[in-house]
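Please arrange chain B on chain A, whose structure you already have, making use of the hints.
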Amino acid sequence: MNRLSARSWRLLAAIGFWLLLGAAFTAGGTIGLLLGYASAGWLAAFSLGAWRRQDEFARAAQKFSWVFGGLFGLLGSLALLPLILQPDLLDPLLGLIENALGGSQRPPHPAAPAIVLGAIWIVLGQLVGFLVCWVGWHVTKQ
Amino acid sequence: MKNRIRTLRTERGWTQADLAAHLDVSRNSVNAIENGKYDPSLPLAFKISELFGLPIEKIFQND
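As you go down the protein sequences, you meet chains A and B in turn.
Heads up: the first sequence runs through residues 1 to 142, numbered per our numbering.
Heads up: the second sequence runs through residues 1 to 63, numbered per our numbering.
This is chain A alone, in the form it adopts within the complex:
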């Protein structure tokens, strides 16, 4: 594993994370929750591995992207809240999350799907902000 490049570690981090997260949503219930934790653990472990193998230029890109991309992604996700509150978009998403949380059973609380959707929305906003800044950094540093 030590011979793998930082890029390989990043790729493994992303593939494993999305596979486990997909499985978590598919399974739902307690198993889904455990798979969700496993996906977070996988992402953290392989991201740390990638970080340790990166050079300072790549680290600078990531720091810049998390600071500015993360901040503006967070603000953007809040600014775009009215978009996700449209019933045509909100109802199917809540249904999907409700299903993932409870499977065939009832979710733990009626507000739970909305809270989970809110958290996912913010994380997605930060992720998009990060990616935009990361790509921008590399384009401007060519």
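Careful: at least some of the hints might be erroneous.
Only pairs whose alpha carbons sit at most 27 Å apart, straight line, appear in this in silico DSS-like list of lysine-lysine [stated by the list, open to error]:
(1) B:Lys58 - A:Lys141
(2) A:Lys63 - B:Lys37
(3) B:Lys37 - B:Lys47
(4) A:Lys63 - B:Lys2
(5) B:Lys37 - B:Lys58
(6) B:Lys58 - B:Lys47
(7) A:Lys141 - A:Lys63
(8) B:Lys2 - B:Lys37
(9) A:Lys141 - B:Lys37
(10) B:Lys58 - B:Lys2
(11) A:Lys141 - B:Lys47
(12) A:Lys141 - B:Lys2
(13) B:Lys47 - A:Lys63
(14) B:Lys2 - B:Lys47
Note that these hints are calculated values from the structure, not bench results.
On a predicted model such as this, the values are computed, not experimentally measured, just so you know.
What follows is chain B alone, placed relative to chain A:
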């Protein structure tokens, strides 16, 4: 910050990939440093200085 890394590298007949391998950094890093788009850290600047056998101030100059 300006630098003479491209000149020093080509004098030795090295590609950016060769220099990157010597410094244990990516080729993108070498490209960004050569183009003055990224200023290396002090430890990396010392590494570059040792590799070329020149004092840092002979390689890097303030704009």
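Hints, one by one, checked against the model:
| no. | hint | verdict |
| --- | --- | --- |
| 1 | B:Lys58 - A:Lys141 | holds, 24 Å |
| 2 | A:Lys63 - B:Lys37 | holds, 16 Å |
| 3 | B:Lys37 - B:Lys47 | holds, 19 Å |
| 4 | A:Lys63 - B:Lys2 | holds, 24 Å |
| 5 | B:Lys37 - B:Lys58 | holds, 19 Å |
| 6 | B:Lys58 - B:Lys47 | holds, 14 Å |
| 7 | A:Lys141 - A:Lys63 | holds, 15 Å |
| 8 | B:Lys2 - B:Lys37 | holds, 9 Å |
| 9 | A:Lys141 - B:Lys37 | holds, 5 Å |
| 10 | B:Lys58 - B:Lys2 | holds, 11 Å |
| 11 | A:Lys141 - B:Lys47 | holds, 21 Å |
| 12 | A:Lys141 - B:Lys2 | holds, 15 Å |
| 13 | B:Lys47 - A:Lys63 | holds, 23 Å |
| 14 | B:Lys2 - B:Lys47 | holds, 17 Å |
Checked against the numbered hints given earlier, this structure breaks none of them.
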